[in-house]
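Read off the chains here:
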Amino acid sequence: MTSFDRRSILKGGAALGLASAAGLDGFARAWAQENQWKPEAGASLKLLRWKRFIPSEDEAFMRLVDAFTKATGVPVSVTSESFDDIQPKASVAANTGQGPDMVWGLYSFPALFPSKCLEVGDVADYLGKKYGGWVPAAEAYGKVKGKWIAIPMAFNGGYINYRISSVKKAGFDKVPEDLDGFLELCRAMKKNNTPCGFALGHATGDGNSWAHWALWAHDAYLVDANEKIVINSPETAKALEYVKNLYQTFIPGTVSWNDSSNNKAFLSGDLHLTNNGISIYATAKTERKDIAEDMDHAVYPVGKSGKPTEFQLAFPILAYTYTKAPNACKAFMAFALEAQNYNAWLEASQGYLCHPLNAYANNPIWTADPKNKVFREASTRTLAAGGLAPVSEKVAAVLADFVVIDMFAAYCTGRDDAKGAIRTAERQAQRIFRSS
Amino acid sequence: MADIALDRPAAASREGASAWSRLRTSRGWLGLWFMAPAALILLLFLAFPLVKGIWLSFTDTRIGRGGAFVGLENYEWLWDDSVFWLSVFNTLLYTAIASVAKFGIGLYLALLLNKRLPFKALIRSIVLIPFVVPTVLSALAFWWIFDSQFSIISWSLRHLGLLDHNIDFLGDPTWARTCVIFANIWRGVPFIAITLLAGLQTVSPSLYEAATIDGATPWQNFRHITFPLLTPIIAVVMTFSVLFTFTDFQLIWAMTRGGPVNATHLMATLSYQRGILSGSLGEGAAIATAMVPFLMLAIMISWFGLQNRKWQSG
Numbered sequence: 001m002t003s004f005d006r007r008s009i010l011k012g013g014a015a016l017g018l019a020s021a022a023g024l025d026g027f028a029r030a031w032a033q034e035n036q037w038k039p040e041a042g043a044s045l046k047l048l049r050w051k052r053f054i055p056s057e058d059e060a061f062m063r064l065v066d067a068f069t070k071a072t073g074v075p076v077s078v079t080s081e082s083f084d085d086i087q088p089k090a091s092v093a094a095n096t097g098q099g100p101d102m103v104w105g106l107y108s109f110p111a112l113f114p115s116k117c118l119e120v121g122d123v124a125d126y127l128g129k130k131y132g133g134w135v136p137a138a139e140a141y142g143k144v145k146g147k148w149i150a151i152p153m154a155f156n157g158g159y160i161n162y163r164i165s166s167v168k169k170a171g172f173d174k175v176p177e178d179l180d181g182f183l184e185l186c187r188a189m190k191k192n193n194t195p196c197g198f199a200l201g202h203a204t205g206d207g208n209s210w211a212h213w214a215l216w217a218h219d220a221y222l223v224d225a226n227e228k229i230v231i232n233s234p235e236t237a238k239a240l241e242y243v244k245n246l247y248q249t250f251i252p253g254t255v256s257w258n259d260s261s262n263n264k265a266f267l268s269g270d271l272h273l274t275n276n277g278i279s280i281y282a283t284a285k286t287e288r289k290d291i292a293e294d295m296d297h298a299v300y301p302v303g304k305s306g307k308p309t310e311f312q313l314a315f316p317i318l319a320y321t322y323t324k325a326p327n328a329c330k331a332f333m334a335f336a337l338e339a340q341n342y343n344a345w346l347e348a349s350q351g352y353l354c355h356p357l358n359a360y361a362n363n364p365i366w367t368a369d370p371k372n373k374v375f376r377e378a379s380t381r382t383l384a385a386g387g388l389a390p391v392s393e394k395v396a397a398v399l400a401d402f403v404v405i406d407m408f409a410a411y412c413t414g415r416d417d418a419k420g421a422i423r424t425a426e427r428q429a430q431r432i433f434r435s436s
Numbered sequence: 001m002a003d004i005a006l007d008r009p010a011a012a013s014r015e016g017a018s019a020w021s022r023l024r025t026s027r028g029w030l031g032l033w034f035m036a037p038a039a040l041i042l043l044l045f046l047a048f049p050l051v052k053g054i055w056l057s058f059t060d061t062r063i064g065r066g067g068a069f070v071g072l073e074n075y076e077w078l079w080d081d082s083v084f085w086l087s088v089f090n091t092l093l094y095t096a097i098a099s100v101a102k103f104g105i106g107l108y109l110a111l112l113l114n115k116r117l118p119f120k121a122l123i124r125s126i127v128l129i130p131f132v133v134p135t136v137l138s139a140l141a142f143w144w145i146f147d148s149q150f151s152i153i154s155w156s157l158r159h160l161g162l163l164d165h166n167i168d169f170l171g172d173p174t175w176a177r178t179c180v181i182f183a184n185i186w187r188g189v190p191f192i193a194i195t196l197l198a199g200l201q202t203v204s205p206s207l208y209e210a211a212t213i214d215g216a217t218p219w220q221n222f223r224h225i226t227f228p229l230l231t232p233i234i235a236v237v238m239t240f241s242v243l244f245t246f247t248d249f250q251l252i253w254a255m256t257r258g259g260p261v262n263a264t265h266l267m268a269t270l271s272y273q274r275g276i277l278s279g280s281l282g283e284g285a286a287i288a289t290a291m292v293p294f295l296m297l298a299i300m301i302s303w304f305g306l307q308n309r310k311w312q313s314g
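Those sequence lines, one after another, are chains X and D.
For the first sequence, counting from 1, position 200 maps to 200 in full-length UniProt numbering; every step adds exactly one.
For the second sequence, counting from 1, position 200 maps to 200 in full-length UniProt numbering; every step adds exactly one.
Think of the hints as simulated: they come from the structure by calculation, not from any bench.
Note that the structure is predicted; figures quoted are calculated from it, not measured.
Hints are supplied without guarantee of correctness; some may be wrong.
[Claimed, not checked] Coverage of chain X stretches by chain D, computed from C-beta distances (three or more under 8 Å per stretch; other residues unrestricted): (1) 109-117; (2) 247-253; (3) 259-267; (4) 322-336.
[As the list claims (entries may be wrong)] Chain D is nowhere near these chain X residues, computed Cβ spacing over 10 Å in every case: (5) Glu59; (6) Thr69; (7) Lys191; (8) Glu293; (9) Gln428.
Built from N, CA and C at the ideal position, the CB exists for glycine as well.
Start from the sequences and build out the full structure, keeping to the hints where you can.
This is the structure:
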């Protein structure tokens, strides 16, 4: 019988890491020989990315960066910022023409300044052909007016995180997949003092994603496919009623929540159902094993249309037109999404990242743990940021201005009646879309 | 000496020298040259950003692309924007309450610290701590203190049996406004206290001695000696305090991001949200420009109301 102690496991892990790093380096060298985007002489790259939530994802990403540098001779300096700070920094860089060569950020941020983004259609075509094509949402995020201005590196699936015992105690075997059943579950959980909660504050990721799901699930949209404002509708009124009913089952304080609040509340044991990426589960596996064992994930309920209307977080990467090394930027983007890199990175992200290219649906991470399974669907179940409308700077502004979250929050807290809340959202939409 | 040195070439110019040599030796021209660096700095770093900001507010500039002149369009949209007016109300409320409270507490602390106290230097240093701590750090500390689930205040009150639920500090509009105002007061008091203390120390003790001999009470001492002599400093301190409070950003952004439901959005935070996060530089600039009249009014009140006294002009 083989016995393992901490030291031998550490040694084994280090050896495995070295072996995989060595393998990666070998692949990277071969890839660099055939790479069609030859980096400019003396090129170096600065990359700004969102701050990690899963340490192993960050480590895998840095291994990939290191392999790229060794193979191409292009040093890449990586800095990271929190979700909320990425977009302002990217915007300032676009406006001033100074700053990082590439930014890996959130949602539709490249659409805020499409003319400042390096066109990357050749990279998108290369990857799409090689890896089974892009999922529709990836194409929606990467393209503005038919041009690829960013490469959607990944999605982050945000799904229902719940405590198994609390759902069972409420009389349900699983999280219902219809709106009425879901509301019933939340009510029953509230009665049992095992409440649920979704962010109604200015939470860029969690707040925007569940608020848009709730709106779209009722067939209500802010704007239609032609950017005509259609928020003032009976469907929106129904969505408001539904969310208000849901809000009454929430743990107190959700109106002030940011993106990290539900993670903390869930891991403390106060919160029993919320929407989040896999990061709660990943943290629980190391810090709260009791919670990790007693939690699982479920898809968002499907609304009246019978189709998923989820809104998942997209992570597109862009290069600026001002970069002195456009080829190096393109080479990096293509390199990162090659199977030898991407599969290992996806695995290291423990399900936090979901693929934008169809070929990666078979990555072992999705079957390694049954609790990861729903996250595989994130990129195919999601609508893009505009719902029906194409991704644009205006759609990005709607998210940045929290128009939909504020509409729900105003009604749920009683600050506005339904008409007032809708009217305010409509007015904000008119302001944002006025030059359409 | 300087006059003598300058007079000599001037005398030469009278003897029919060229315009250049007359200019070269002109004292007025020389003064202009001495002022030029300062004027350049003011123009470059103060006037230019202000004028540029005002110009942007009349355009539809977005981040990453230049805009066209749209006249008052941005202001017209703001005029009918309930979120903007809510931010104006919030800013005025925040500034008024926080400034008055900071002044009251700051003056009280300054008077206290001006007395003979043991460990005076140590106490004065401690008073300065809130001002020394970076704003974002203190804002994050307050964010934890007022957290809806993990607030130490709620926890303590619950464990003392005084409450059976957490207080929703940052989720309830009234509570949220109270919390951010409290944090601003906590942070701003040291600046006022220490500056007023410096002013108090310039008041001659002989005035108090004379008044005491004449039978003045402590209140009369304060009312007729301390306060009038402190007025010029108060004018300066309150002007700065009102300006800093009116334009506050960091505390709000770190604690509430303008929530709940925009109940703590100030004009500065809304300007940032619209201008930088949403990318509508023109609109953000319009909100920032809309702050200028309020700031001018505050400065006028401080300077003409508090400083321009008869006793001061002799």
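Here's how the hints hold up against the structure:
no.	hint	verdict
1	109-117	holds (count 5)
2	247-253	holds (count 3)
3	259-267	holds (count 3)
4	322-336	violated (count 0)
5	Glu59	27 Å, holds
6	Thr69	29 Å, holds
7	Lys191	16 Å, holds
8	Glu293	23 Å, holds
9	Gln428	7 Å, violated
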